[in-house]
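Student: For our numbering, add 5 to where a residue sits in the sequence shown, where the first one is 1.
Mixed in with the good hints, there may be bad ones.
[As the list claims (entries may be wrong)] Derived DSS-like pairs (lysine-lysine); straight-line CA-CA distance at most 25 angstroms:
| id | residue 1 | residue 2 |
| --- | --- | --- |
| 1 | Lys445 | Lys243 |
| 2 | Lys631 | Lys243 |
| 3 | Lys581 | Lys557 |
| 4 | Lys318 | Lys402 |
| 5 | Lys631 | Lys445 |
| 6 | Lys631 | Lys402 |
| 7 | Lys402 | Lys243 |
| 8 | Lys488 | Lys557 |
| 9 | Lys402 | Lys445 |
| 10 | Lys488 | Lys325 |
Hint data in this document are derived by calculation from the structure and do not stem from the laboratory.
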Amino acid sequence: MGLGRPRSRATGASIFRRASSREASGPLAAASLVSQLGAVRSLAGRGGAHPELLLVGMIVSSCGVVARSLGAAGAGAGNVFCRHARGLCSLRSCSGATGSVDCATVPRRELLRPQRVHSEAAGAGVARLTIAPELVEQGGTEVIGPRAAAYGRRALGPAPLLSQLPASRPFLGSGAHPAAHPAGDARVVSNCYRYLGSSDKNALYHHGCGFAPFRRCYGTSGSSDSFSASGRPLPREKVDCVVIGAGVVGLAIARELARQGREVIVLEAADAIGTGTSSRNSEVIHAGIYYPRGSLKATLCVAGKHALYTYCKERDIPHKNVGKLIVATGAGQSAVLERILVHGTENGVVDLRMMSGEEAMRMEPSLRCTQALFSPSTGIVDSHAFMTALQTDGEEKGMTLAFNTTVCRGSVVSDEIELVVRESSLPSSQDNEQLLLSAKVVVNAAGLYAQSVARQMQGVPSNTIPQGYYAKGCYFHLSGYSKPPFSHLIYPVPEEGGIGVHVTMDLGGQTRFGPDVDWLPHLDDNELYHPARFDYQVDPRRGDRFYSEVRKYFPALPDESLQPGYSGIRPKLSGKGQPPTDFVIQGRSSHGIPGLIQLFGIESPGLTSSLAIARFVGDLVADERKG
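I would like the entire structure built from these sequences, with the hints used as guidance.
Tutor: Written out as structure tokens, the structure reads:
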């Protein structure tokens, strides 16, 4: 897969606060809108349903709290509630209001106003929030919360609307009016507690409203991970499958599991999909010719290539089958080409063709070489469009993304794996752990962080976690050319640590050279999570080596024509001077833990192989569940 453009489709804020219908941000985000208002319409449209919406477990007692709730979602997201015309119409129709109003100019603090009222359904002492009277001609949709008196003290802080929660929650009930649900149900408290921001969560705890209900609900005989080091309860969430990492491989796996009908949550420490190696690659669709016969790289690359071309055509993902020339420029390199041809043929790549230097240079007049191996099935793809399509497919099948969510540790309890997670922005400490997530299946697709995640899983034998190495690769763009000098990808024979400084182009025709190989020092787990752990800057001085390498096959490369581009880090399983290694994909037979799938060293050709890797992991999961 080489290395690519740093770009992401969308950012998110952590777990279960929806940034869209299927995106979440942070384990305990403080505010939540109403599923882009769609859930408001859904609830209001049920036969006989009361227009009131429940604020789960909390009383909002001041307009400032509401403003903080909306503000925590970000300026753009907070205003959705005000200016979304269809949503406002639904709210008006729900309460019988008529007329129109442009809420885009109404400050968020003025949109909702608290009002103390009495409700037979919910009991005395209920805070209601009504649409400000001047915003509608009559009536007003009410948002109501359960009484706090059941817990003995005033409940505090903002909370998400009931419609934001998955319909499978046990406290939602079937056909029951939300306000009729017993306010003292400990499971209501336990499920709303996880939605609070840290300050409101702490306030709730210190006022005595949280700890006892948790212990009543879950008891004290479970995993010790149920409570933080300071004794605070860790709210629980259950899901069928968890995928750690929202790079191209993690997204492909999550999509595959969701397609199998499984409930899937993807945990991503960053604020968007594909922010690591997946967004810093050459975007090449590899043919599968370099790798030893029978290896995972060989098998999955060849299968993944065919799957990727098919998927791109079906989903209209920008891609192009441009072909590749691997060129020999020095003594002894022709023998290397012969070995690559044998490997490729054994791997099922049957369209390879050896050609003379003269024939290759007729194909590419700017090229200079003595011999070449032509791979017509090699291509390029818009990796970001590909990842976006994977995300969309997964979400359509029920997959949920949780951004800004870091795994602190994991353990096996009964037949499940329990993960303790926190918001990525918080310091790493047990006092900041925020959620206990239980799953039947956990897939570690954390890329550069896969070894670190594996070491956090209790019970994983240390000898099953391979040593990780990091190789930085830089890219330089070609400037001063009105037309690209090459129409095919041009690769030198492979070098130590990579496949050489090669010529690729993006779908817009921009020519780039890279990556080179710069071995990074070993990083322990603490250093790995430091904000400055990886330096992605491209030192212009590295261009000197690029000129010498590229001119071996492109001697006409002008001085000052290479401009620093971008860089990426490759997760490798062999270090400098060591032979290359295969992908490592482990199931229970490797480490003894049912339901845990771990992936290590998914570098090139990981992008090409991603769909095949996903199927491989899907089969492993199915086998684990049968066992």
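Student: None of the hints should be skipped; say for each whether it holds.
Tutor: Status of the hints after comparison with the structure:
no., hint, result
1, Lys445 <-> Lys243, "holds (9 angstroms)"
2, Lys631 <-> Lys243, "holds (20 angstroms)"
3, Lys581 <-> Lys557, "holds (23 angstroms)"
4, Lys318 <-> Lys402, "holds (20 angstroms)"
5, Lys631 <-> Lys445, "holds (12 angstroms)"
6, Lys631 <-> Lys402, "holds (22 angstroms)"
7, Lys402 <-> Lys243, "holds (18 angstroms)"
8, Lys488 <-> Lys557, "holds (21 angstroms)"
9, Lys402 <-> Lys445, "holds (18 angstroms)"
10, Lys488 <-> Lys325, "holds (18 angstroms)"
In terms of the numbered hints stated before, the structure departs from none.
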